[in-house]
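Chain A: place on chain C using the hints.
Each protein sequence line maps, in turn, to chains C and A. Letter by letter, the first sequence follows residues 1 to 248 in the working numbering. Letter by letter, the second sequence follows residues 1001 to 1136 in the working numbering.
None of these hints come from the bench; they were simulated from the model. All clues stand as given, with none of them false.
The calculated EDC-like cross-link candidates involving lysine to aspartate or glutamate, where the alpha carbons are at most 20 Å apart (straight line), are:
| id | chain 1 | residue 1 | chain 2 | residue 2 |
| --- | --- | --- | --- | --- |
| 1 | A | 1125 | A | 1088 |
| 2 | A | 1020 | A | 1133 |
| 3 | A | 1125 | C | 3 |
| 4 | A | 1125 | A | 1089 |
| 5 | A | 1020 | C | 3 |
| 6 | C | 26 | C | 190 |
Computed footprint of chain A on chain C, listed as stretches where at least three residues anywhere in the stretch have a Cβ under 8 Å from a Cβ of chain A:
| id | stretch |
| --- | --- |
| 7 | 61 to 75 |
| 8 | 117 to 125 |
So these bits of chain A aren't anywhere near chain C, every CB distance computed over 10 Å:
| id | residue |
| --- | --- |
| 9 | 1030 |
| 10 | 1058 |
| 11 | 1067 |
| 12 | 1083 |
| 13 | 1087 |
The beta-carbon is built from N, C-alpha and C at its ideal position, and this holds for glycine as well.
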Amino acid sequence: MIDPRQAGIRRRLAGVRRVIAFCSAKGGVGKSFCAAGAGLALARAGRTVGLLDLDLPAASAHLFLGVQMRLPEEDRGILPLPCVPGLALMSAAAFTRERALALRGSEVSDAILELLCVTQWGRRDALLIDMPPGIGEEALDLARLVPQLETVVVSTPSMVSLRVVERLLAALEQMRVPVLGVLANMCRGDGDGVRRMAERRGVAFAGEIPYDPGVEPALGDPAALGGLPAVRAIGEALGAILGGPRPS
Amino acid sequence: MIECMHEWALADAVIATAQKRFGGGERLSPGSVTVLVGELQAIDREILAFALDSLLAESALPAGIFRLATEPAAFLCRPCGRRWGLAEEAGLAAEEREAIHFLPESAHAFVRCPSCGSADFSVEKGRGVSIAEAGS
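Chain C extracted, bound-state conformation (with noise of 0.2 Å):
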């Protein structure tokens, strides 16, 4: 039997400038908010960016983004949902809305590859993806299926972020998965030590970004999240990162 999604994925992928997965080894450092942020940050600057939630059993950048939930429309494959002009999303969570996706390895496989076989998006100055903790399914599939792959590391401060995060970049460098850089979220002045694990893993420092206590009562918001300085602070970094060369 032969699989042909893996060529259609190509095709879907053909009018994508640059595809950038958000990671992280440790849950809660806030990817799928840097993620988000980053989408909302290059959309208001012109930008014409999808974001597709990867996180198949935990989806959130909808809630982080006020984007109602529902079945897409179709146009030769299914259309990402609209957002705010310039930002579209896609997510499990369109089908399963607020039911619970328990999958296994080859599942969450399928879904990757369905997901990304059966979605257009166009033409896109960059899809941005909201990945699960860890190396799974999701990054082995797509540094597999996506060879544009680039990746964006989030981590927090705290030692013990540090330290896993650190593993990651190992992983991610012996996969041979592009890192663009290492954004310190959630900071209170205290990104150094990000800055010190990105410069010792050799990858670039992508930018501080500051705790914001605005960010709760602003989710669902997307004005209102685009408008806090943490988002303006990944808006900046992430800015940068595209606007420099690709790394090797």
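The following block gives chain A in isolation, referenced to the frame of chain C:
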């Protein structure tokens, strides 16, 4: 409307794969490539066939090489070992069926083992679209 359906993305993937696998398809006879359509995904065979024919005409592959075959869906419950088919899932709502049509893995949000109620089941066969080796 038929031009918009999501079956086109799958047909496009089938054509791209066939081109890569069989080149110009010089050695392929009519109906020699079987496209298996899993019952779970409930692909509209008429639309898929139309899309395949239309996209074939734009490709280097010869016309009529595809033969569509439906593969019945079969579930296996991991905790209790119960096997069952889609006929026992007649209670699925239209929107749930549509969700499974787009993303078959969303079945795990809606389908439960008829014996023990577990969502921990595997789709043993009949999941989605695949290609059988030519001539097989």
